[in-house]
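**Student:** Take a look at the letters that make up each chain.
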Amino acid sequence: MLFEVKDVYYTRMRGTPFAVEALKGCSLAIPEGEITAIVGPTQAGKSTLLLTLLGLLRPTRGSVLFHGQDIHQAPFNVEDLRLRVGIVFQSPEAQLFEETVGKDVSFGPRRKRLPPAQSRRLVQESLEAVGLPYEEFRTRYISSLSGGQKRRVAIAGVLALEPEAILFDEPTAGLDPQGRQELLALIQRLKMERRLTIVLTSSSLADVAALADQVIVLHEGRVVLSGSPRSVLAHAKELLALDITLPEITQIALGLRSLWPSLRCDMLTLAELEEELLRFLPHATSQEPQLSSS
Amino acid sequence: MIEVNNVTFRYSGEAEEDIAPALAGVTLRIDEGETIALIGHNGSGKSTLARLLAAILLPQQGSVIVDGLRTDAGGESLWQIRQTVGLVFQNPDDQLVANTVIDEIAFGPENLGLPRFEIEERVEEVLDLLDLRPHAHRAVSDLSQGQKQRLAVAGVLAMRPRYLILDEPTTMIPGRTAEQLLETVRRLARERGISVLHITHHMHELVDFDRVIVMDRGRVLLDGTPANVLRHREELERAGLGLPLITQLGQRLRARGWSQLPEVLLTLDDLKAALCSLK
Numbered sequence: 000m001l002f003e004v005k006d007v008y009y010t011r012m013r014g015t016p017f018a019v020e021a022l023k024g025c026s027l028a029i030p031e032g033e034i035t036a037i038v039g040p041t042q043a044g045k046s047t048l049l050l051t052l053l054g055l056l057r058p059t060r061g062s063v064l065f066h067g068q069d070i071h072q073a074p075f076n077v078e079d080l081r082l083r084v085g086i087v088f089q090s091p092e093a094q095l096f097e098e099t100v101g102k103d104v105s106f107g108p109r110r111k112r113l114p115p116a117q118s119r120r121l122v123q124e125s126l127e128a129v130g131l132p133y134e135e136f137r138t139r140y141i142s143s144l145s146g147g148q149k150r151r152v153a154i155a156g157v158l159a160l161e162p163e164a165i166l167f168d169e170p171t172a173g174l175d176p177q178g179r180q181e182l183l184a185l186i187q188r189l190k191m192e193r194r195l196t197i198v199l200t201s202s203s204l205a206d207v208a209a210l211a212d213q214v215i216v217l218h219e220g221r222v223v224l225s226g227s228p229r230s231v232l233a234h235a236k237e238l239l240a241l242d243i244t245l246p247e248i249t250q251i252a253l254g255l256r257s258l259w260p261s262l263r264c265d266m267l268t269l270a271e272l273e274e275e276l277l278r279f280l281p282h283a284t285s286q287e288p289q290l291s292s293s
Numbered sequence: 000m001i002e003v004n005n006v007t008f009r010y011s012g013e014a015e016e017d018i019a020p021a022l023a024g025v026t027l028r029i030d031e032g033e034t035i036a037l038i039g040h041n042g043s044g045k046s047t048l049a050r051l052l053a054a055i056l057l058p059q060q061g062s063v064i065v066d067g068l069r070t071d072a073g074g075e076s077l078w079q080i081r082q083t084v085g086l087v088f089q090n091p092d093d094q095l096v097a098n099t100v101i102d103e104i105a106f107g108p109e110n111l112g113l114p115r116f117e118i119e120e121r122v123e124e125v126l127d128l129l130d131l132r133p134h135a136h137r138a139v140s141d142l143s144q145g146q147k148q149r150l151a152v153a154g155v156l157a158m159r160p161r162y163l164i165l166d167e168p169t170t171m172i173p174g175r176t177a178e179q180l181l182e183t184v185r186r187l188a189r190e191r192g193i194s195v196l197h198i199t200h201h202m203h204e205l206v207d208f209d210r211v212i213v214m215d216r217g218r219v220l221l222d223g224t225p226a227n228v229l230r231h232r233e234e235l236e237r238a239g240l241g242l243p244l245i246t247q248l249g250q251r252l253r254a255r256g257w258s259q260l261p262e263v264l265l266t267l268d269d270l271k272a273a274l275c276s277l278k
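Which chain is which? The protein sequence lines are A and B, in order.
In terms of numbering that gives the first Met the number 0, the first sequence opens at residue 0 and continues consecutively.
In terms of numbering that gives the first Met the number 0, the second sequence opens at residue 0 and continues consecutively.
By construction, these hints were calculated from the structure, which means they are not laboratory data.
Glycine included, C-beta positions come from ideal geometry on N, C-alpha and C.
It is possible that some hints are incorrect.
[What the hints assert, rightly or not] Think about it this way: if two alpha-carbon atoms lie no more than 20 angstroms apart in a straight line, the pair counts; the simulated DMTMM-like pairs of lysine to aspartate or glutamate are:
hint : chain 1 : residue 1 : chain 2 : residue 2
1    : A       : Lys236    : A       : Asp265
2    : A       : Lys111    : A       : Asp79
3    : A       : Lys149    : B       : Asp268
4    : A       : Lys190    : A       : Glu124
5    : B       : Lys271    : A       : Glu31
6    : A       : Lys190    : A       : Glu219
7    : B       : Lys278    : B       : Asp268
8    : B       : Lys271    : A       : Asp79
9    : B       : Lys278    : A       : Glu31
10   : B       : Lys271    : A       : Glu274
11   : A       : Lys149    : B       : Asp92
[As the list claims (entries may be wrong)] Covered by chain A, according to a simulated footprint, are these stretches of chain B (three or more residues, beta-carbon under 8 angstroms):
hint : region
12   : 250-256
13   : 263-271
[To be verified] Selected chain B positions facing chain A (in silico; Cβ < 7 angstroms):
hint : residue
14   : Leu126
15   : Thr176
16   : Ala177
17   : Leu277
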């Protein structure tokens with residue numbers, strides 16, 4: 000396991016009248032080389048959980064293990080963790096601070112004091128990996144980029160650190176359907192081609208059902224469901240009550256349950272939904288028109 | 000009535016022949032009380048058309064006429080058109096200016112120089128219409144995206160427009176919130192006769208509108224009722240738009256032999272009714 004979270008509690012603004020318990024006994028495991036999606040409505044504790052994984056927040060109770068070692072116990076150095084696990088925050092603008100794309104992406108390698116040639120290679124590879132051609136974008140001003148491009152630059156900056164894993168906080172928030180598809184495809188490529196472990200948060204199962212290997216549903220600081228996308232979708236009704244956006248296929252299947260209460264709702268594609276419906280429909284009455292012999 | 004007569008618009012100026020215009024000879028008419036979904040891929044000209052209708056952009060060729068006033072006539076008529084046509088942007092942060100919810104709603108009417116009691120009356124009215132009363136005194140910066148989007152609509156409605164244009168209001172907000180917003184807007188159209196033009200690229204959103212206009216590369220590709228438009232599967236696919244999943248499911252089942260199913264199914268209720276008849 001890359002990460003294990005054991006019975007973690009976290010209280011925000013602890014010791015003040017505004018104290019809020021954001022995580023209330025969270026336990027989960029994040030396997031290597033897979034995409035784990037943490038899904039839940041706003042205020043479920045998704046972002047807090049990501050920050051806890053990275054050691055940016057220290058649990059009030061419970062522990063976080065990285066490769067089996069407690070990240071807050073010596074000899075583990077939590078700063079090491081941040082070189083090995085990257086994070087892409089919700090608004091990419093928030094983590095870009097240099098003037099140009101090249102400078103921003105090379106910030107990590109420069110801080111690691113890598114030789115210039117190696118740093119340059121990393122920047123080039125990272126930019127190409129996110130679909131921004133190096134020569135074209137190296138000298139572009141950050142301020143001249145579109146929102147989607149900024150998001151890619153932020154990801155390239157993280158890739159340049161050659162991490163084992165990347166955490167994405169709401170990577171698709173605020174993107175149009177096309178931008179959304181492109182970003183999800185990019186995340187899939189990072190897993191397949193670079194063997195990265197990916198953890199991402201989302202309030203929509205519609206976005207992540209086809210992508211994730213594992214889905215963890217968070218509600219009010221607790222894990223309420225976890226498993227493969229299919230096994231989670233099988234509980235579609237409960238998810239709807241939690242205000243989680245469901246894939247359209249699942250919504251249709253749920254709607255059709257008023258006709259056939261035992262219709263499954265864990266299908267991921269239209270073809271699967273069609274097959275499922277065939278179990279219930281009477282045989283087709285009209286045949287292909289037959290040629291009558293004259 | 001808004002008339003768009005053979006309008007062409009380029010962002011780059013006139014000389015660059017090699018860059019295709021954002022709009023190329025668009026002609027259409029929007030009647031009072033109609034609800035229209037305007038759909039198209041990125042770069043199809045949807046947002047440009049919205050800005051031309053609201054007189055934020057002016058046509059370089061052709062004309063846009065709002066209730067008899069040309070948008071390029073300038074002076075007083077521009078003032079009149081801006082009150083008649085209300086535009087809600089994709090990102091509510093682009094149009095919210097005040098600190099609190101009621102100040103935001105009052106901003107437009109105040110700038111019209113309306114008397115105090117009339118401003119208050121309009122604020123009260125739209126607070127209820129958009130379900131914002133519980134948030135009336137909250138800071139705009141504390142609202143969720145969905146609440147901000149409702150506030151942006153409320154601010155525009157307080158101007159009592161006759162045409163409401165929504166430029167992809169649902170891209171920034173989660174599914175169910177988006178549905179509720181669209182339901183509210185359609186109710187307004189029914190109850191007050193406001194025309195609604197909803198710009199979107201979600202195919203499943205168009206089924207509840209009176210009329211659908213499909214744009215592709217600066218031109219109107221299809222214009223008709225949802226059922227009529229969805230019959231043109233090939234044209235839609237060429238414009239980068241797939242059929243809504245419910246429609247696709249219906250067609251797949253027809254192909255499997257249930258040929259008595261209607262060719263175009265629009266909503267879940269349609270699908271249920273059609274499947275029920277097979278049982």
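**Student:** All the hints need checking, so say for each whether the structure fits it.
**Tutor:** Hints, verified against the model:
no.	hint	in the structure
1	Lys236(A) <-> Asp265(A)	holds (11 angstroms)
2	Lys111(A) <-> Asp79(A)	holds (12 angstroms)
3	Lys149(A) <-> Asp268(B)	violated (42 angstroms)
4	Lys190(A) <-> Glu124(A)	holds (16 angstroms)
5	Lys271(B) <-> Glu31(A)	violated (43 angstroms)
6	Lys190(A) <-> Glu219(A)	violated (29 angstroms)
7	Lys278(B) <-> Asp268(B)	holds (15 angstroms)
8	Lys271(B) <-> Asp79(A)	violated (56 angstroms)
9	Lys278(B) <-> Glu31(A)	violated (48 angstroms)
10	Lys271(B) <-> Glu274(A)	holds (17 angstroms)
11	Lys149(A) <-> Asp92(B)	holds (19 angstroms)
12	250-256	holds (count 4)
13	263-271	holds (count 3)
14	Leu126	violated (23 angstroms)
15	Thr176	violated (9 angstroms)
16	Ala177	violated (9 angstroms)
17	Leu277	holds (6 angstroms)
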